[in-house]
Amino acid sequence: MLFKKGLLIGMLAVVSAFLFACSGGDESSASGDNGDGVTLDFWVFGATNYEDLAKEYEEQNPDVTINVKRSELGDHHDSLFTSISAGTGAPDLTMIEVDQLDRYREGQERFVNLYDLGAEEIQDNYLDWKWNMAENGEGDFLFGLPTDIGPKAMYYHTGVFENAGLPTDPDEVSEMISTPQEFADAAGKVLDETGKPMVDSMEMAFRANMDALEVSYFNRDGELLIEESGNGVKEAYDYAVELNEQGYVGNFEMWTPEWANALNKGEFGVEMAPAWLKGYMTENAPEGKGNWKVTTLPTDFAGNWGGSYMAIPAETENEEAAYEFSKWLLSPENQLKSFTESGLFPSAPEVYEMEEFVNNKDEYFGGQNTASVFAEAAKEIPEVYKGPKYVTVNNEILTALRNVQEGGDPQQEWDAALKRIEDILKR
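Per mature numbering (1 follows the signal peptide of the UniProt record, and there is no 0): the sequence shown = residues -21 to -1, 1 to 406.
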């Protein structure tokens, strides 16, 4: 189902016109030689310390000026897709979120191949799976340098576990809940003794297995794999449905006020989530301080959720300067700064041995060194290919699961989701 490259670029041009109209034509200022040196336009999203690091780089390199533009994740990628498709208006350097990366693969000529700039010299600085996911299928083109990652672990509410008669020490919890069946067994105890669900939502119950799959919805030939035996997607769907039927799944959708309050009050047992959730909990669930701890997930649930890459659009006139800045920005030393200042979990394993990382303590989590738990998880993550339509397809599966929670028949909702997906992919 892959389009040939020439046809795809033509379609991108059409889509870009639509996206441009929706985005209001927001454009970054032109970059290039400012008379005294180089000016780089740098697009970012999310909570990072990249503005501060850019200023630090400017101080060390007076001939470089860096204009940082921050947007929300969706707006950022829509604007980037528009400019890349049109061949004009792209920045010199941009973040690309991991789930969005495959959206740009068929237009790889619109990006600078970082191997042409010598990126292989720093490859050993990063986790293999993270680096390899930024290559093309042949392994001779690198779209971007690794920024942060989202290794998942199990956040658990000690009060809920204690009231359910479960252990609260991280090592003991990890030993007790090491398989999907043991997770379900513990969920039964939580529900029986506290009346609370184990998991916050159907999405998180589904992602428990889904984020651990090496191949999810598509293969590298663009073929949809959902219905293939042993693919794992239907199994992940069925597991979420089973947990829900047992009463182990709550109805607290992520990022809603109700979900934030449930985190704050301990209205469910666990959150199977990445390292970046720590920052959100600290800011938005203050009453939860001291009541949550972190331990490893069951082996079958180990996976990555989130993280980004730093890419250089081909239209830049400053690819060398953009590469030198990104290489500096994402060095192990600066990844440590991004971790301690903004909670961006490092993709450079050298950081895991640095004193400030090893001795890190999270006061919110009762002084636990949660960083070590996520570092352990990071080393077990598989390399994953997601495909250009990953987000679209995933949203349809999540819609089916929400319908199931509202009383829909699981098989009928699955079949309906597959039909919607097939229709979307034919467009």
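Note that these hints are calculated values from the structure, not bench results.
Among the hints, a few may not be true.
Below are the DSS-like pairs computed for lysine-lysine, each with C-alpha atoms no more than 30 angstroms apart in a straight line [said to hold, decoys possible]: (1) LYS340 x LYS306; (2) LYS340 x LYS316; (3) LYS306 x LYS48; (4) LYS358 x LYS340; (5) LYS358 x LYS306.
Here the structure is a predicted model, which is why all the values come from computation and not from measurement.
Hint by hint, here is what the structure shows:
no. : hint            : verdict
1   : LYS340 x LYS306 : holds (28 angstroms)
2   : LYS340 x LYS316 : holds (15 angstroms)
3   : LYS306 x LYS48  : holds (19 angstroms)
4   : LYS358 x LYS340 : holds (21 angstroms)
5   : LYS358 x LYS306 : holds (22 angstroms)
Violated hints are absent here; each numbered hint is respected by the structure.
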